[in-house]
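Novice: Residue-level listing of the chains:
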Amino acid sequence: MSEAIKSFDELEQVLLEQNKRYKVALVAPSDMTTLQVALRLHEKKLIELVLIGDEELVHAKATKKNIDISTLEILDFREPYKAVETASKLASTGEIDILIKGKYHSVDFIEKIIFGNAEFCDANDVHHVALIKAKGYDKFLFLTDGFVHCQPSVEVKSKMIDSIVKLANKFGIEIPKVALLAAVEVVYKQMPNTVEADAIQKKYADSSEQVVVEGPLSFDIALNRLAAEAKGLHDSVVAGEVDILVAPNIETANGIYKALSLFADSQVGGVILGGKVPVVMPTEIDSEETRYNSILLAMVAC
Amino acid sequence: MQNRPIHSSKQLIEKAIAIASEGRKKKIVVAAAQDADVLDAVVQAKTDNYIVPILVGDKEKIDTLAQENHIEISGIELIDKKDVLDAAHTAIKLAADGEADAVMKGFLPTSALLKTLLDKQYNLRGNSILSHCAVLDIPGYKKLLNMSDGGMMVHPDVEQKKEIVNNAILVSKALMLSPIKIAVSSAYDKLYNNQPHVKNDRDVLIPYVLEKYQDVIIQAPIPFDKAVAKNEDAESNNVIGDTDIFLANSIEECNIIAKSLIHFVQAVFAGVIVGAKVPVSLVSRSDTVQNKKTSLALAVLIADYYQQENIWGER
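One line per chain: the protein sequences are A and B, in this order.
For the first sequence, the tail end lands on 302 under the working numbering, and the numbers increase by one without skipping.
For the second sequence, the tail end lands on 617 under the working numbering, and the numbers increase by one without skipping.
Be careful, since some hints might not be right.
To be verified - Computed list of lysine-lysine pairs in DSS-like fashion (alpha-carbon distance at most 25 Å, straight line):
hint, chain 1, residue 1, chain 2, residue 2
1, B, LYS445, B, LYS417
2, A, LYS231, B, LYS464
3, A, LYS45, A, LYS65
4, A, LYS231, B, LYS363
Read the hints as simulated data drawn from the structure, not as lab findings.
From a predicted model like this one, the values you see are computed outputs, not experimental measurements.
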């Protein structure tokens with residue numbers, strides 16, 4: 001890839017051209033918004049959709065909404081937690097490529113799929129990444145972690161960076177630029193996050209990895225070169241050109257994702273990486289477009 | 303429009319002008335005024351007729367900056383203090399003596415100014431802590447959103463959160479809001495991963511606030527989207543989609559979410575430090591003219607509220 005992928009449309013084109021069909025399981029499928037989105041991808045032959053959950057319920061709901069699911073394979077489980085367990089097993093044994101959460105609370109879903117489920121993953125390797133194309137910034141932004149780790153350690157954050165660098169490479173970004181976000185751009189021992197950011201930054205400065213990591217950086221400096229210059233950060237490589245935003249904690253990344261989803265002119269998507277297969281976990285505010293983008297993102301991440 | 307709630311930055315500035323026109327124009331003293339952005343802000347607000355600035359700082363530098371940046375400061379009271387700490391003490395003393403109603407930070411470290419503010423000899427301590435409120439006018443949201451604390455407490459525990467809420471409520475009252483709706487932040491709308499703050503917010507913070515205030519509605523845990531998303535059938539006693547105060551769990555969360563809204567959504571932003579007997583206004587280089595004017599208007603409303611309601615007794 002010579003040119004980096006810069007929009008979800010381009011991303012879909014790349015996936016269509018590679019002519020591969022991914023096996024995707026929608027778990028607890030009676031969420032009609034997600035079901036419809038997944039069906040669109042199924043009809044485009046980008047995915048082969050399997051439903052895992054209450055067959056009677058999903059039929060009833062689909063009929064009410066005039067959604068034709070007659071061609072889909074359905075594994076019938078009345079109890080949602082059994083559907084989730086089965087899906088997790090199928091993912092662990094390689095029978096499906098992508099998991100999508102349907103109508104099941106995110107907290108319960110994560111606790112079941114990720115924590116204490118050694119078959120599927122080591123929780124320390126797992127993280128969420130959001131992909132954001134916001135008006136006013138001409139690149140994709142990768143943002144982590146607003147949905148899995150509450151207060152990730154230096155070690156876990158480093159794993160997140162390595163994981164997203166691999167993903168960014170698939171987008172044609174050869175040497176991704178990473179900002180470790182903080183409230184300020186100086187190291188204060190009263191702010192543990194800045195000390196940790198400094199430790200991560202130093203670790204990558206000494207390594208031969210194809211990535212540039214800077215931090216602590218404040219949000220405005222990471223996104224705006226002029227703000228960096230005004231603060232005297234003339235040597236920053238990342239400022240104004242950042243690809244990957246690593247938030248200090250779950251509430252920060254979660255809030256940025258939601259603020260930009262709700263109020264900015266933006267296209268977004270998100271996926272959980274690091275398990276046996278990528279997991280798509282739509283949140284309530286995610287539009288159909290966002291859910292669609294999220295599945296595309298999961299396909300690239302496979 | 304006497305006591306109508308303030309829901310936008312435009313209404314905020316209009317109210318500041320109204321207060322001035324009713325004979326209660328506020329004096330704002332700038333500590334270490336040798337800062338072009340700050341000079342610009344106070345001159346703008348003076349031109350709009352809602353503050354009387356008093357400049358304390360290095361006269362030579364102030365004159366030069368004003369000239370270079372075409373800022374008209376003639377006719378403004380200027381007290382020459384070369385040393386920034388001298389300037390801070392002089393400015394805070396003016397506030398302590400009732401000669402100024404609010405303080406604005408100029409070219410000195412925030413910590414130096416706040417340390418002077420809390421100096422016992424001035425008797426300006428109010429609540430037990432100082433906290434920062436970022437009042438945002440977000441295009442697409444129907445109200446002002448007061449996000450706290452993105453400036454002072456790094457990782458507030460539940461006791462500190464009580465005080466942050468007390469301070470934020472003062473700002474809401476100055477904005478004439480009633481009821482005041484508070485969303486206590488969390489990534490999810492239920493307990494996740496046994497996060498201790500979620501339990502403390504629910505079991506300690508909420509009962510404290512409900513017992514102390516009659517006209518406050520507070521809920522936890524509330525993710526950001528639930529706090530501000532469109533909610534057509536929002537009930538009057540629900541914070542969902544109708545939040546006035548978003549209480550964050552860390553300085554980073556508050557600071558970074560606010561900055562993302564300023565950067566990508568062009569939210570208008572007014573920052574103020576609350577908890578002392580006078581509000582402290584802060585503006586930074588990256589603030590637009592609109593932000594600076596709104597920040598000063600917010601300080602005016604808070605100072606006026608303190609005085610009209612005699613919140614801190616006699617100074």
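Novice: Could you run down the list of hints and mark each one as holding or not?
Specialist: Hints, verified against the model:
A C-alpha spacing of about 33 Å is found between LYS445 of chain B and LYS417 of chain B, which places the hinted pair above 25 Å, so the restraint is violated. At most 25 Å may separate the alpha-carbon atoms for a hinted pair to count; LYS231 of chain A and LYS464 of chain B exceed this at roughly 34 Å. The straight-line distance between the Cα atoms of LYS45 of chain A and LYS65 of chain A is roughly 22 Å, inside the 25 Å bound, and the hint therefore holds. As the CA atoms of LYS231 of chain A and LYS363 of chain B are separated by approximately 20 Å, the hinted pair is consistent with the 25 Å bound.
Hint check: violations occur at hints 1 and 2; the rest are consistent with the structure.
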